[in-house]
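Peer 1: Residue-level listing of the chains:
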Amino acid sequence: MATMAAVTRQGGVVAWVDVADRFDPASASAAGVDLDRVLWVRGPNVSWSPSQRTVGDLAVQRGLRAFDLIARAGGIAVVAMDVADVPVRHLQSLPAATWFRLGHVLEGRDTVGLLVGAQPLGRSAGGVSLTLRARSEWAGRSLQSRRLAGLAVTPEASQRIRRVRGHRKEEAPCLFALSATL
Amino acid sequence: MFVCLVRDSLSPSRPGVLEAVARACSPRVEPHGQDVVVCDARGLTRVIGMPAVIAEEMRRMAWEREVGVRVAIAESKTAAWLLAHARPGTTIVPAGEEARRLERLPLSALRSLPELRTAGLRTADCGPAFAKATAGKLRTDDTLAIFERWGLATLGDLARLPRADVLTRTGRVGQRLHQAACGEDDAPLVPTDETPRFVERMELEWPVEGLEPLSFVLARVCDGLSASLARADRGAVTITTRLQLVTKTTHERTLTLPSPMRDSKTLRTLILLDLESHPAPAGIDVVEVECGVTPGRIVQGSLLAFTVPTPENLSTLLARLSALVGDTSVGAPVVVDTHNPRISSMKPFALSTQHAALRTAPSTGHRAPAFAKASAGKPSTTIRRFRPAPPVRVRVEKGRPVKVSLNERAAYRDSRVATVTTAAGPWRTSGHWWSSDGHTWDRDEWDVALDTGVVYRLARNRQTDHWEVEGEVD
Chain A
1 MATMAAVTRQ
11 GGVVAWVDVA
21 DRFDPASASA
31 AGVDLDRVLW
41 VRGPNVSWSP
51 SQRTVGDLAV
61 QRGLRAFDLI
71 ARAGGIAVVA
81 MDVADVPVRH
91 LQSLPAATWF
101 RLGHVLEGRD
111 TVGLLVGAQP
121 LGRSAGGVSL
131 TLRARSEWAG
141 RSLQSRRLAG
151 LAVTPEASQR
161 IRRVRGHRKE
171 EAPCLFALSA
181 TL
Chain B
183 MFVCLVRDSL
193 SPSRPGVLEA
203 VARACSPRVE
213 PHGQDVVVCD
223 ARGLTRVIGM
233 PAVIAEEMRR
243 MAWEREVGVR
253 VAIAESKTAA
263 WLLAHARPGT
273 TIVPAGEEAR
283 RLERLPLSAL
293 RSLPELRTAG
303 LRTADCGPAF
313 AKATAGKLRT
323 DDTLAIFERW
333 GLATLGDLAR
343 LPRADVLTRT
353 GRVGQRLHQA
363 ACGEDDAPLV
373 PTDETPRFVE
383 RMELEWPVEG
393 LEPLSFVLAR
403 VCDGLSASLA
413 RADRGAVTIT
423 TRLQLVTKTT
433 HERTLTLPSP
443 MRDSKTLRTL
453 ILLDLESHPA
463 PAGIDVVEVE
473 CGVTPGRIVQ
483 GSLLAFTVPT
493 PENLSTLLAR
503 LSALVGDTSV
513 GAPVVVDTHN
523 PRISSMKPFA
533 LSTQHAALRT
543 APSTGHRAPA
553 FAKASAGKPS
563 TTIRRFRPAP
573 PVRVRVEKGR
583 PVKVSLNERA
593 AYRDSRVATV
603 TTAAGPWRTS
613 GHWWSSDGHT
623 WDRDEWDVAL
633 DTGVVYRLAR
643 NRQTDHWEVE
653 GEVD
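Quick note, the sequences are listed as chains A and B, same order. Number 8 in our numbering belongs to position 8 of the first sequence; there are no gaps in the numbering. Number 289 in our numbering belongs to position 107 of the second sequence; there are no gaps in the numbering.
Only chain A is shown next, with the shape it has when bound in the complex (with noise of 0.2 Å):
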């Protein structure tokens, strides 16, 4: 969501694939994201349980294919999947290269990937994955008083590698995957 804030007061555009359908407006507006600039596709509304595995199988496909269609439109500055909620058996039933797949989307567009997971995604070669710690914290003295001030999140490069390309070492293709550890 920091992110989001940032690179929307910047004047660029976001793209959030909301697999699990959480994003909540109020709040992200209220975390300084111009939601003018924010293009969010939004899953279906589905129950994660075992019984309905091939309803969630389809809503991770879609939010896939649809993460794939904005990263090949080019202009987005930022395209942000969110499976932070969508349980690890849906994503371990993907093939190995998906993830590749959407990394070699990326190289040489000046569109960074995100996704946001329970856990590390996308072990690309070229790609980064942070781990971000949070921690609460909150405010007032008295149980009455007592209000959450909010997260405080320390984030940690858990894999950055670097390729070198001739003489010159750069970062690519530009895809991180944030794994939410709570």
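Hints may contain errors.
What the hints assert, rightly or not - For the chain A half of the interface with chain B, some residues (derived, Cβ under 10 Å), not all of them:
| # | residue |
| --- | --- |
| 1 | R22 |
| 2 | P25 |
| 3 | W40 |
| 4 | G43 |
| 5 | V55 |
| 6 | G63 |
| 7 | L69 |
| 8 | R72 |
| 9 | G75 |
| 10 | S93 |
| 11 | L94 |
| 12 | A97 |
| 13 | R101 |
| 14 | G140 |
Said to hold, decoys possible - Ranges between beta-carbon positions, derived for each pair:
| # | chain 1 | residue 1 | chain 2 | residue 2 | range |
| --- | --- | --- | --- | --- | --- |
| 15 | B | V468 | A | L94 | 23 to 29 Å |
| 16 | B | V578 | A | N45 | 27 to 33 Å |
| 17 | A | A149 | B | S527 | 25 to 31 Å |
| 18 | A | P95 | B | V468 | 42 to 48 Å |
| 19 | B | D624 | A | R72 | 43 to 49 Å |
| 20 | A | S93 | B | R413 | 51 to 57 Å |
Derived from the structure by calculation, the hints contain no laboratory data. Glycine included, each C-beta is placed from N, C-alpha and C at the ideal position.
Starting from the known structure of chain A, arrange chain B on it as the hints suggest.
Peer 2: Using the frame of chain A, we list chain B on its own:
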């Protein structure tokens, strides 16, 4: 020499007929709505004939379109206008005889003048006698009433008065009425261009079925449309596709584009994507595509701002996403003006060309990574909201939640009983208690941190005493 065509009051009104008749005879046409048209007839004597022939030709053309008209031809636009409105049939005024032909018309004929009927004049344009009494209103009726009180009955009576005296007593409105009574113009004819239609039509030798053969037809149609739009410096804002089917019915679809465009491939792709989700029910005989247009414009980009999608790419992307996940699942989020936090909405995504960031461009080329800059701020309280809010079992001691039992639907990662380490609340929210439409809510909200490290926002329904998970603080 001017021709004024007025639709006969007994004839039905047909939009565009009078303008079409006038444009068929003259290149300089000034339409006034659907029922009155004035055109310049200078030079038409060499093309069509004498004024009587011109008038007869126009009446005949209008009659062929099932519209009866009154025609007046005069050296001044005002004289032609007044006579066409006042007299039926054809009236032809020789040069220099405008005032004599107008002198028998009643004063009320002046009410038909367009500048007095629609635009009106302001207080400052009126004489001092009326400025106080009727400030800000039109003065035509008042001025005519004054003329009648002076004993004037016809335009001839008014024309015989000294214009300077009329101006002194009744202001510019009276002066204009005096001019009109004399058959004089105060403004030249203002011709308008004909509104072109951007439409391409193709009749097929054999009916086509399916999108693939149709795409080739649409490619040719859109190429022609794109060229027409480029020549006229216009951009399409709507695309209407009409497909005449073998069942003798018409399948019509209208697309509204988020921004003007005229790229042939983009137009074709958008039409095809729309027809993919709304296919024609039978074979297609005739393909017709019409564009609603807007004038082209030049947009200055910025080297310092973020790159944004081009209108063509954005339209195509939105159409593809709509076809993938549905129209109602793609757009820009909107904060709804309500105190109910569960309500969210979205609107069609459209990029404005100007953004605040363009006006405050960074002074240096180097920019810190967006994430690093943003994460250095205050703690985040963003909510990942569960829709719909799943039920949860909460154990309460001394009025505060102490244990939370999440089921799998609420959060698959924490499908167990967790202990609340910190809780803040309750924050009471309610609304729509005055209505019986089922949208009433009355909840106590709690922010709770569990021993697993997750922070949830819980809500207790005060009517049913059931607990639900609003969302996860992220």
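Peer 1: Tell me if the interface restraint on A/P25 is satisfied: Cβ within less than 10 Å of some Cβ in chain B.
Peer 2: Where the cut-off is 10 Å and the nearest Cβ of chain B is about 4 Å from A/P25, the hint holds.
Peer 1: Does the Cβ-Cβ separation between B/V578 and A/N45 fall within 27 to 33 Å?
Peer 2: Since B/V578 and A/N45 have Cβ atoms about 29 Å apart, the given range 27 to 33 Å holds.
Peer 1: Range first: 25 to 31 Å. Now tell me if the beta carbons of A/A149 and B/S527 are that far apart.
Peer 2: holds (28 Å)
Peer 1: Could you tell me whether the CB distance from A/S93 to B/R413 stays inside 51 to 57 Å?
Peer 2: holds (54 Å)
Peer 1: Per the CB criterion, is A/R101 less than 10 Å away from chain B?
Peer 2: Since chain B brings no Cβ nearer than about 17 Å to A/R101, farther than 10 Å, the hint is violated.
Peer 1: Minimum Cβ distance from A/S93 to chain B below 10 Å?
Peer 2: Hint violated; A/S93 Cβ to chain B Cβ min 15 Å, cut 10 Å.
Peer 1: Would you check whether A/R22 satisfies its interface hint, that is, whether its CB is within less than 10 Å of any CB in chain B?
Peer 2: Where the cut-off is 10 Å and the nearest Cβ of chain B is about 4 Å from A/R22, the hint holds.
Peer 1: Take the shortest C-beta to C-beta distance between A/V55 and chain B; is it under 10 Å?
Peer 2: violated (13 Å)
Peer 1: Hint A/G75 vs chain B: min CB-CB distance below 10 Å?
Peer 2: holds (3 Å)
Peer 1: Return the status of the interface hint for A/L69: holds when the least beta-carbon distance to chain B is below 10 Å, violated otherwise.
Peer 2: Since chain B brings a Cβ to about 5 Å from A/L69, closer than 10 Å, the hint holds.
Peer 1: Per the hint of 23 to 29 Å, is the separation of the Cβ atoms of B/V468 and A/L94 within bounds?
Peer 2: Between B/V468 and A/L94, where Cβ atoms are some 46 Å apart, the hint is violated.
Peer 1: When the nearest CB of chain B is found for A/G63, is that gap smaller than 10 Å?
Peer 2: holds (9 Å)
Hints 5, 10, 11, 12, 13 and 15 from the earlier list are contradicted by this structure; the remaining hints agree with it.
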